[in-house]
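*Asks:* Chain residues, written in single-letter form:
Protein chains: 2
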Amino acid sequence: MKNQPIGVFDSGVGGLTVLRTLIERLPYESYIYLGDTARLPYGTKTGETVTRYALQASAALVDRGIKALVIACNTASAYALPALRQRYPGMPVIGVIEAGAEEACQVSRSGRIAVMSTDSTARSGAYPAAILKVRPRAQIVSIACSLLVALAEEGWTEGSIVGQVLEKYLSPAFARDPPDTVVLGCTHFPVLKREIETVLGPDIALVDSGSTAAAFVEQTLRKAGELANGKTQTDIRFLATDGSDRFARVAQAFLGSSIRALAIETIDLSPFSRVD
Amino acid sequence: MKNQPIGVFDSGVGGLTVLRTLIERLPYESYIYLGDTARLPYGTKTGETVTRYALQASAALVDRGIKALVIACNTASAYALPALRQRYPGMPVIGVIEAGAEEACQVSRSGRIAVMSTDSTARSGAYPAAILKVRPRAQIVSIACSLLVALAEEGWTEGSIVGQVLEKYLSPAFARDPPDTVVLGCTHFPVLKREIETVLGPDIALVDSGSTAAAFVEQTLRKAGELANGKTQTDIRFLATDGSDRFARVAQAFLGSSIRALAIETIDLSPFSRVD
Numbered sequence: 003m004k005n006q007p008i009g010v011f012d013s014g015v016g017g018l019t020v021l022r023t024l025i026e027r028l029p030y031e032s033y034i035y036l037g038d039t040a041r042l043p044y045g046t047k048t049g050e051t052v053t054r055y056a057l058q059a060s061a062a063l064v065d066r067g068i069k070a071l072v073i074a075c076n077t078a079s080a081y082a083l084p085a086l087r088q089r090y091p092g093m094p095v096i097g098v099i100e101a102g103a104e105e106a107c108q109v110s111r112s113g114r115i116a117v118m119s120t121d122s123t124a125r126s127g128a129y130p131a132a133i134l135k136v137r138p139r140a141q142i143v144s145i146a147c148s149l150l151v152a153l154a155e156e157g158w159t160e161g162s163i164v165g166q167v168l169e170k171y172l173s174p175a176f177a178r179d180p181p182d183t184v185v186l187g188c189t190h191f192p193v194l195k196r197e198i199e200t201v202l203g204p205d206i207a208l209v210d211s212g213s214t215a216a217a218f219v220e221q222t223l224r225k226a227g228e229l230a231n232g233k234t235q236t237d238i239r240f241l242a243t244d245g246s247d248r249f250a251r252v253a254q255a256f257l258g259s260s261i262r263a264l265a266i267e268t269i270d271l272s273p274f275s276r277v278d
Numbered sequence: 003m004k005n006q007p008i009g010v011f012d013s014g015v016g017g018l019t020v021l022r023t024l025i026e027r028l029p030y031e032s033y034i035y036l037g038d039t040a041r042l043p044y045g046t047k048t049g050e051t052v053t054r055y056a057l058q059a060s061a062a063l064v065d066r067g068i069k070a071l072v073i074a075c076n077t078a079s080a081y082a083l084p085a086l087r088q089r090y091p092g093m094p095v096i097g098v099i100e101a102g103a104e105e106a107c108q109v110s111r112s113g114r115i116a117v118m119s120t121d122s123t124a125r126s127g128a129y130p131a132a133i134l135k136v137r138p139r140a141q142i143v144s145i146a147c148s149l150l151v152a153l154a155e156e157g158w159t160e161g162s163i164v165g166q167v168l169e170k171y172l173s174p175a176f177a178r179d180p181p182d183t184v185v186l187g188c189t190h191f192p193v194l195k196r197e198i199e200t201v202l203g204p205d206i207a208l209v210d211s212g213s214t215a216a217a218f219v220e221q222t223l224r225k226a227g228e229l230a231n232g233k234t235q236t237d238i239r240f241l242a243t244d245g246s247d248r249f250a251r252v253a254q255a256f257l258g259s260s261i262r263a264l265a266i267e268t269i270d271l272s273p274f275s276r277v278d
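Line order of the protein sequences matches chains C and A.
Quick note, in the numbering used here, the first sequence goes up one by one and the last residue is 278.
Quick note, in the numbering used here, the second sequence goes up one by one and the last residue is 278.
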């Protein structure tokens with residue numbers, strides 16, 4: 003088991019920001035990353051559809067032999083975690099929301115926390131639920147920022163357009179009783195981090211759910227005695243449900259290093275379409 | 003046959019701009035509109051995947067008894083039209099690209115034509131091919147404007163952000179030897195028409211492929227003697243592959259009138275997943 007890979011699943015390339023932190027933190031692990039690029043984005047779709055897609059994608063990863071499953075997508079974490087844990091009771095299934103919520107509760111002094119996310123994650127209420135579980139008196143503002151996903155994928159990560167888009171999304175939440183902590187509740191948002199910090203100013207703490215989740219993965223595997231031996235080199239496989247060119251092109255900004263299109267295997271999820 | 007509905011297919015809600023023109027032009031026809039909202043957008047996906055999706059969605063429409071099929075999505079028109087015409091040899095299958103290309107060739111004086119589209123449509127080369135067929139000496143600039151889809155869906159159709167995004171996409175094409183004609187090669191773009199006109203100024207002709215395609219549909223049905231009798235009231239059915247709430251919410255901007263979420267039927271395309 004120990005030397006089996008960790009499965010990392012995302013709707014597309016955003017989860018590569020999580021994979022990046024995982025690799026930094028757990029360099030001796032192997033990884034299989036699956037991006038459901040044929041059906042992305044998840045952030046504008048219903049919980050029912052997102053859950054169905056997450057079950058199918060996870061089945062494809064489990065089929066390849068993994069020791070843990072990381073849901074590196076906030077929208078999928080918001081909706082599909084209970085169904086996935088029920089489906090795979092013997093396997094650690096780690097989402098990004100619980101980790102981000104806990105970190106935000108620790109970091110915030112005032113208890114006023116803003117969560118930036120996709121439309122679907124915002125409407126799921128998953129972040130408020132997870133935050134209130136840890137800190138029952140917290141005040142949470144959910145900010146749906148769907149356009150940021152498109153900006154990140156277009157590679158427009160800095161400049162005046164990004165700044166204005168961020169102003170438009172964020173300023174209503176800061177008009178009065180401003181939060182002191184902002185959660186990046188979508189794995190696309192870390193690539194916009196510098197601009198978000200500029201717009202928010204130095205007094206607001208930023209919590210990146212994705213990198214916080216990597217610490218959770220480490221803890222979980224350590225407790226279970228399932229960390230890799232530490233003598234093998236990291237092996238990373240990339241799977242995508244749609245062609246690999248765009249994946250490879252967009253990936254660099256998210257992973258921080260380049261992937262050759264040839265190294266990405268295109269897979270078909272239809273054999274798993276009956277898993278739900 | 004005459005009183006069977008016309009099937010209109012799009013990846014999501016963008017095709018409602020085409021449906022709107024169809025209803026204005028052919029008010030006695032009935033329509034079934036199918037938006038593949040569970041897998042939208044198509045504009046960032048490969049031709050192979052887009053073709054597979056288009057075949058499945060069209061099978062669902064043909065299954066419901068239609069007399070003609072309108073592909074109200076530029077990306078699907080760019081890739082799937084040959085496969086669809088081969089699959090349904092007895093039925094008129096009308097895309098939006100040929101219509102838009104022909105109109106652009108008629109309207110342009112200089113023969114310099116810019117086509118705004120999604121990333122996938124731009125990379126397909128379908129517009130240049132269709133334009134050069136009509137006007138072999140035309141000079142075509144393809145402008146991939148992926149972010150406009152997200153802006154249109156977010157309802158940000160005017161204001162300084164839209165203006166700046168348009169400037170960023172359009173200005174390189176107008177730096178020298180500027181086109182005199184711009185094709186709106188994505189059905190999401192007509193809702194941004196006013197801003198596009200403002201950025202381009204009064205000397206540039208705008209061609210809306212979608213509304214041009216409606217005229218093609220009329221011509222085709224008239225020639226075939228298949229126009230509806232003209233005594234029945236328009237009946238419109240809406241189908242979507244994902245939940246109807248977002249569809250209903252976003253639809254108004256595109257259709258120009260509201261649709262109740264209840265009037266939208268959610269359908270499952272997986273029974274058609276083997277059609278390709």
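Read the hints as simulated data drawn from the structure, not as lab findings.
These numbers come from a predicted model, not from an experiment.
A virtual CB, placed ideally from N, CA and C, is assigned to each residue, including glycine.
One should not assume that every hint holds.
What the hints assert, rightly or not - Ranges between beta-carbon positions, derived for each pair:
| id | chain 1 | residue 1 | chain 2 | residue 2 | range |
| --- | --- | --- | --- | --- | --- |
| 1 | A | 90 | C | 196 | 32 to 42 Å |
| 2 | C | 258 | A | 226 | 34 to 44 Å |
| 3 | C | 157 | A | 90 | 55 to 65 Å |
| 4 | A | 88 | C | 226 | 50 to 60 Å |
| 5 | C | 169 | A | 27 | 56 to 66 Å |
| 6 | C | 273 | A | 114 | 41 to 51 Å |
| 7 | A | 136 | C | 251 | 52 to 62 Å |
| 8 | A | 88 | C | 273 | 21 to 31 Å |
Stated by the list, open to error - Okay, the calculated bits of chain A under chain C, using three or more residues with CB under 8 Å as the criterion:
| id | region |
| --- | --- |
| 9 | 44 to 53 |
| 10 | 59 to 68 |
| 11 | 166 to 175 |
| 12 | 216 to 222 |
*Asks:* So which hints don't hold here, by number, going up?
*Replies:* 1, 2, 3, 5, 7, 10 and 12
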